Structure formats: structure tokens, C-alpha cells
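Enquirer: Sequence:
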Amino acid sequence: MLYGEKLHKEISKLVDDIENGAKSRPDLIGQAGTIIRNIEIIDATESEHGVSVRVSDNVGEVYWTDLQDVELD
Numbered sequence: 001m002l003y004g005e006k007l008h009k010e011i012s013k014l015v016d017d018i019e020n021g022a023k024s025r026p027d028l029i030g031q032a033g034t035i036i037r038n039i040e041i042i043d044a045t046e047s048e049h050g051v052s053v054r055v056s057d058n059v060g061e062v063y064w065t066d067l068q069d070v071e072l073d
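Counting from 1, one number per residue, gives the positions in the sequence shown under UniProt numbering.
Hints in this document: simulated from the structure, not taken from any laboratory.
Please note that the accuracy of each hint is not assured.
[Stated by the list, open to error] The calculated DSBU-like cross-link candidates involving lysine-lysine, where the alpha carbons are at most 35 Å apart (straight line), are:
| hint | residue 1 | residue 2 |
| --- | --- | --- |
| 1 | LYS9 | LYS23 |
| 2 | LYS13 | LYS23 |
| 3 | LYS6 | LYS23 |
The structure displayed is predicted, hence computed values, not measured ones.
Using the sequences and the hints, build the whole thing.
Expert: Encoded structure:
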């Protein structure tokens with residue numbers, strides 16, 4: 001379920017697409033790739049399952065991920 005800032009972002013994207021005549025690109029659906037972002041670790045925990053880190057990225061998202069998924073400088 002979308003709410004708050006995420007809902008606002010989705011609605012803003014939809015309005016922007018309508019205003020700019022964006023067309024659907026079904027040929028891209030299902031494609032895999034990689035997104036590279038700069039992150040800052042803002043919290044970390046360790047359990048029997050490994051180390052989890054909470055990160056803030058350069059596009060304003062904050063989320064938890066496994067330390068093994070992060071390449072530190």
C-alpha cells in the first residue's frame with residue numbers, strides 16, 4: 001500500500017507522464033539490471049543471520065539491506 005511520501009512520488013510521476021505525453025515501454029518490462037547509488041550507513045545490527053545496515057541513499061530513500069550487498073569505500 002502506498003502512503004505519505006511514496007504515494008506523493010507515484011502521483012507526481014503519473015501527472016508528469018500525462019503532462020509530457022509519456023508512452024508505455026512494454027519491451028523493457030521484465031528486463032534485469034543494476035542501479036548504482038551512493039549510500040551512507042545510518043544504523044547497523046548484527047544477529048545470527050548476519051549484519052543488516054540501514055542506509056540513506058543519494059536519491060533520498062532510506063532502507064535496510066544486508067551488509068554483504070553493500071560495497072564500502
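Enquirer: Confirm or reject each hint.
Expert: How the hints compare with the structure:
With a CA separation close to 19 Å, the supplied pair LYS9 and LYS23 stays within the 35 Å bound. For the hint linking LYS13 to LYS23, the alpha-carbon distance of about 13 Å falls within 35 Å, and the restraint holds. Taking the CA atoms of LYS6 and LYS23, the gap is about 22 Å. The hint holds against a cut of 35 Å.
Violated hints are absent here; each numbered hint is respected by the structure.
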